[in-house]
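Colleague: Put together the whole structure using the sequences plus the hints.
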Amino acid sequence: MKAKDRRIPRRKHPREPQSTSTLSGLIDISRVISYKLDDSALWDTVYDHLAANFETSSFYIGIYDPEHDLVNLPLVGENGLRVDHEPIPLCGLSRAVFLHGIEFYFRDLDEEWERIESLGIQLDEREPGQPASSWIGVPIRNRQNEVVGVISAQNYMPDSFTDADITVLMGYAAMLALMYDNLRLVQLERERRLIAASLMEIAQVVSSAANYDDVLDRILDQIHRLIDYDSASILLESAGIDSDKLIVCATHDPELFVKGLEIQLTEQKPIGQAYLSQQPVVIDDAAPYRGGIFSRARSWLIAPMVVQDRVIGIIMIGKRTLRAYSQHDASTIFALARQAGIAVENARMHAQAQANVEVYQQRARRLASIHEIATVITSSLDKDEVLNATARLLQELFGVDHCGIILLESVENGEKPEHGTLVAEYPKRDHVGLRLSLDGNTVMERLGERGTALAVDDVATADIDEHTRGLLTNIGTRSVMLAPLIARDQLIGSIGLDMFSRARKFTEEERETLMTIAGQAAMAVVNASLYTEALEANRLKSMFLATISHELRTPLNAINGYSELLLSGIYGDLNNDQVDRVERVNRSGKHLLTLINDLLDLTKIEAGEAPFNPVPTRISYIIKEVLDEVAPRAEAKHLSICVDVTPEERPVAADPQYLRQILVNLLDNAVKFTHEGLICVNVLPTQLVTAGQAEAAFAIHVKDSGIGIDPADHKIIFDSFRQVDGSTRREYGGTGLGLAITKRLVELQSGTIRVESARGQGSTFIVTLPAHPEK
Numbered sequence: 001m002k003a004k005d006r007r008i009p010r011r012k013h014p015r016e017p018q019s020t021s022t023l024s025g026l027i028d029i030s031r032v033i034s035y036k037l038d039d040s041a042l043w044d045t046v047y048d049h050l051a052a053n054f055e056t057s058s059f060y061i062g063i064y065d066p067e068h069d070l071v072n073l074p075l076v077g078e079n080g081l082r083v084d085h086e087p088i089p090l091c092g093l094s095r096a097v098f099l100h101g102i103e104f105y106f107r108d109l110d111e112e113w114e115r116i117e118s119l120g121i122q123l124d125e126r127e128p129g130q131p132a133s134s135w136i137g138v139p140i141r142n143r144q145n146e147v148v149g150v151i152s153a154q155n156y157m158p159d160s161f162t163d164a165d166i167t168v169l170m171g172y173a174a175m176l177a178l179m180y181d182n183l184r185l186v187q188l189e190r191e192r193r194l195i196a197a198s199l200m201e202i203a204q205v206v207s208s209a210a211n212y213d214d215v216l217d218r219i220l221d222q223i224h225r226l227i228d229y230d231s232a233s234i235l236l237e238s239a240g241i242d243s244d245k246l247i248v249c250a251t252h253d254p255e256l257f258v259k260g261l262e263i264q265l266t267e268q269k270p271i272g273q274a275y276l277s278q279q280p281v282v283i284d285d286a287a288p289y290r291g292g293i294f295s296r297a298r299s300w301l302i303a304p305m306v307v308q309d310r311v312i313g314i315i316m317i318g319k320r321t322l323r324a325y326s327q328h329d330a331s332t333i334f335a336l337a338r339q340a341g342i343a344v345e346n347a348r349m350h351a352q353a354q355a356n357v358e359v360y361q362q363r364a365r366r367l368a369s370i371h372e373i374a375t376v377i378t379s380s381l382d383k384d385e386v387l388n389a390t391a392r393l394l395q396e397l398f399g400v401d402h403c404g405i406i407l408l409e410s411v412e413n414g415e416k417p418e419h420g421t422l423v424a425e426y427p428k429r430d431h432v433g434l435r436l437s438l439d440g441n442t443v444m445e446r447l448g449e450r451g452t453a454l455a456v457d458d459v460a461t462a463d464i465d466e467h468t469r470g471l472l473t474n475i476g477t478r479s480v481m482l483a484p485l486i487a488r489d490q491l492i493g494s495i496g497l498d499m500f501s502r503a504r505k506f507t508e509e510e511r512e513t514l515m516t517i518a519g520q521a522a523m524a525v526v527n528a529s530l531y532t533e534a535l536e537a538n539r540l541k542s543m544f545l546a547t548i549s550h551e552l553r554t555p556l557n558a559i560n561g562y563s564e565l566l567l568s569g570i571y572g573d574l575n576n577d578q579v580d581r582v583e584r585v586n587r588s589g590k591h592l593l594t595l596i597n598d599l600l601d602l603t604k605i606e607a608g609e610a611p612f613n614p615v616p617t618r619i620s621y622i623i624k625e626v627l628d629e630v631a632p633r634a635e636a637k638h639l640s641i642c643v644d645v646t647p648e649e650r651p652v653a654a655d656p657q658y659l660r661q662i663l664v665n666l667l668d669n670a671v672k673f674t675h676e677g678l679i680c681v682n683v684l685p686t687q688l689v690t691a692g693q694a695e696a697a698f699a700i701h702v703k704d705s706g707i708g709i710d711p712a713d714h715k716i717i718f719d720s721f722r723q724v725d726g727s728t729r730r731e732y733g734g735t736g737l738g739l740a741i742t743k744r745l746v747e748l749q750s751g752t753i754r755v756e757s758a759r760g761q762g763s764t765f766i767v768t769l770p771a772h773p774e775k
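Counting from 1, one number per residue, gives the positions in the sequence shown under this note's numbering.
In short, the hints are calculated from the structure, not lab data. C-beta atoms are modelled at their ideal positions from N, C-alpha and C, and glycine is treated no differently. Treat the hints with caution; some may be incorrect.
Label pairs and their in silico Cβ distance ranges [unchecked claim]: (1) His-224 / Asp-489: 41 to 51 angstroms; (2) Lys-541 / Glu-372: 45 to 55 angstroms; (3) Met-543 / Thr-421: 25 to 35 angstroms; (4) Arg-511 / Ala-460: 19 to 29 angstroms; (5) Arg-511 / Gly-476: 14 to 24 angstroms; (6) His-224 / Gln-144: 47 to 57 angstroms; (7) Ala-534 / His-419: 20 to 30 angstroms; (8) His-224 / Asp-284: 41 to 51 angstroms; (9) Ser-379 / Val-585: 19 to 29 angstroms.
Modeller: This is the structure in structure tokens:
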């Protein structure tokens with residue numbers, strides 16, 4: 001310790017009350033903090049007032065340095081003198097304040113040894129004010145409420161302090177916390193500005209420096225402005241070469257770092273650690289690494305130059321003293337190293353730009369060809385057409401003698417296919433139909449497992465299975481590149497680019513191109529297969545529905561006919577109960593026949609078998625015919641039907657039979673879902689917009705005052721077999737096919753249908769049909 005020429009002032013007058021002195025001290029400290037952020041002035045003011053409050057005691061202020069795990073002591077007063085004190089470890093009584101984060105008061109340390117032991121405290125002579133009997137300490141907290149320091153007073157006599165003294169220290173601690181935060185902010189702002197200036201300087205290096213040497217030397221200069229060093233070097237990897245070595249490209253210690261020196265990267269050395277982890281490494285003591293490049297300094301800071309998650313080099317700085325660098329220094333140089341990496345990489349990229357122009361142009365041409373091929377093979381759902389087009393376009397794109405496509409046989413239940421078949425080739429050489437055994441076929445296994453192209457430079461001598469060699473030899477292939485066809489993570493076949501006339505070595509770019517096209521071809525093949533399967537499934541469904549509908553209608557017609565004969569009395573009179581039962585049979589039979597007819601109609605429409613013969617048709621005539629059929633059902637529910645047809649009515653282009661079915665379905669629904677009120681049918685002139693062109697049309701509005709439809713259900717009501725109430729106990733019957741058939745019949749006649757409705761407010765279905773062209 002070194003005493004300063006500064007003693008605690010002795011008072012000639014009676015001491016002023018402690019509260020007054022404390023308040024005065026806090027005001028002075030606050031004034032200094034507000035107007036003069038200077039370390040020495042702040043600590044001088046704090047010292048004066050602490051000395052005035054604790055005249056016969058020692059005191060100190062400790063600030064924790066987490067980077068070095070030490071407590072700095074900017075202010076220490078012992079026995080009336082202000083002394084300089086070296087940093088100490090986190091120890092002694094102050095350690096308890098840091099760990100527990102509360103104030104402590106020991107009236108007599110000699111008598112309170114049990115309490116000290118229970119707190120896990122060990123007295124330490126390195127702590128200022130020792131030995132002491134009385135000790136008080138208060139934590140200093142930052143804005144985040146973290147303990148960053150301690151303020152303490154000590155005395156040789158027991159019971160030297162009171163609770164009021166602790167309160168005084170707490171007041172000073174609060175003011176010191178503000179002082180700490182302000183000083184910290186000022187320090188950080190200074191560092192930020194200096195770092196920002198250095199980063200800007202490094203960024204300007206790219207445009208102003210003529211070569212690598214200038215760039216690297218100026219980078220080291222900028223680092224030296226921020227962090228002191230005795231030795232420094234920049235190590236870079238060889239451009240375009242993957243290696244486990246770095247080369248010394250710049251140095252400020254040429255005796256240690258010789259330009260051009262190769263540094264071996266190993267995981268056991270700090271350089272290798274920084275390179276692999278992409279994080280800076282701080283060496284507090286290089287004794288374990290003495291020798292070689294670590295021989296001239298005791299402390300080292302190693303920072304990787306990371307560009308786009310890749311290390312392109314290392315910056316090393318060293319100092320002859322121990323523990324010279326902190327984690328904060330590491331963060332600073334890491335930021336500079338990143339910017340330096342960008343500068344170096346930009347210089348490299350600029351040098352390579354011209355050399356890459358031709359490569360990019362060639363790739364652009366190849367991508368255009370890929371796009372053309374993709375357009376062709378995805379424009380068809382015919383599998384044979386897709387395969388033949390793919391073979392032809394690939395042969396032309398790659399300039400090979402032959403292109404063949406093999407598909408594996410289809411299997412089920414997870415079984416493995418036993419063979420593949422050549423299904424397409426170009427040019428035609430009568431090889432389609434050749435089979436390739438998959439038993440022990442290592443080539444197909446590699447294609448499926450690795451999912452990448454395989455080039456065979458010489459079929460005769462290559463390490464391939466005999467099945468593949470035999471097929472290629474049969475075709476006449478000398479060199480081949482094979483690409484897997486993979487869909488849904490399954491190998492479905494392969495594409496082969498064959499050379500007959502000469503051997504050929506395929507490039508990596510050709511591999512990537514072929515794999516891109518193979519992926520598109522695989523999806524096109526799968527889509528074509530699925531489309532074929534869907535067509536077949538739809539055909540089988542239509543056949544099934546047509547057959548079952550026919551088989552059901554025959555007995556139903558007989559049931560309906562015989563029940564009507566029974567009701568007519570041709571077989572004799574029936575009593576009331578018998579009439580009731582036969583009527584039920586007749587009604588149910590007719591209802592079931594209607595459902596079957598609907599199902600058959602829908603099947604025909606979806607299969608495209610519904611004939612459409614548009615003729616000039618007046619909507620009003622069809623409405624009149626439909627009302628003759630629907631009116632009795634409406635009258636049975638005491639419902640009225642009104643009709644309003646515009647005087648401007650003209651014929652529409654429609655099939656009268658389909659238009660009649662549309663109106664029957666809509667009016668039947670209106671009667672079914674309306675319990676009381678009115679049903680109206682209005683015909684109004686409108687326009688129908690098709691492909692951006694408007695044409696004259698007429699709209700049929702069928703409006704009811706029934707239960708209505710929730711807007712959320714407007715879309716599903718036109719789906720097949722869908723009803724708003726889909727439960728098994730619904731109030732209204734039906735299969736949910738009426739509106740689906742109606743919608744399809746409307747669209748078949750180039751019209752549209754929509755609904756306007758809300759629950760409890762009735763529904764309006766609007767059918768719009770194009771007017772028949774006037775002659």
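Colleague: Each hint needs a verdict: does it hold in this structure or not?
Modeller: Now for the hints, and whether the structure bears them out:
no.	hint	verdict
1	His-224 / Asp-489: 41 to 51 angstroms	violated (56 angstroms)
2	Lys-541 / Glu-372: 45 to 55 angstroms	violated (38 angstroms)
3	Met-543 / Thr-421: 25 to 35 angstroms	holds (30 angstroms)
4	Arg-511 / Ala-460: 19 to 29 angstroms	holds (22 angstroms)
5	Arg-511 / Gly-476: 14 to 24 angstroms	holds (23 angstroms)
6	His-224 / Gln-144: 47 to 57 angstroms	violated (33 angstroms)
7	Ala-534 / His-419: 20 to 30 angstroms	holds (27 angstroms)
8	His-224 / Asp-284: 41 to 51 angstroms	violated (21 angstroms)
9	Ser-379 / Val-585: 19 to 29 angstroms	violated (57 angstroms)
Of the numbered hints listed earlier, those contradicted by the structure are 1, 2, 6, 8, 9.
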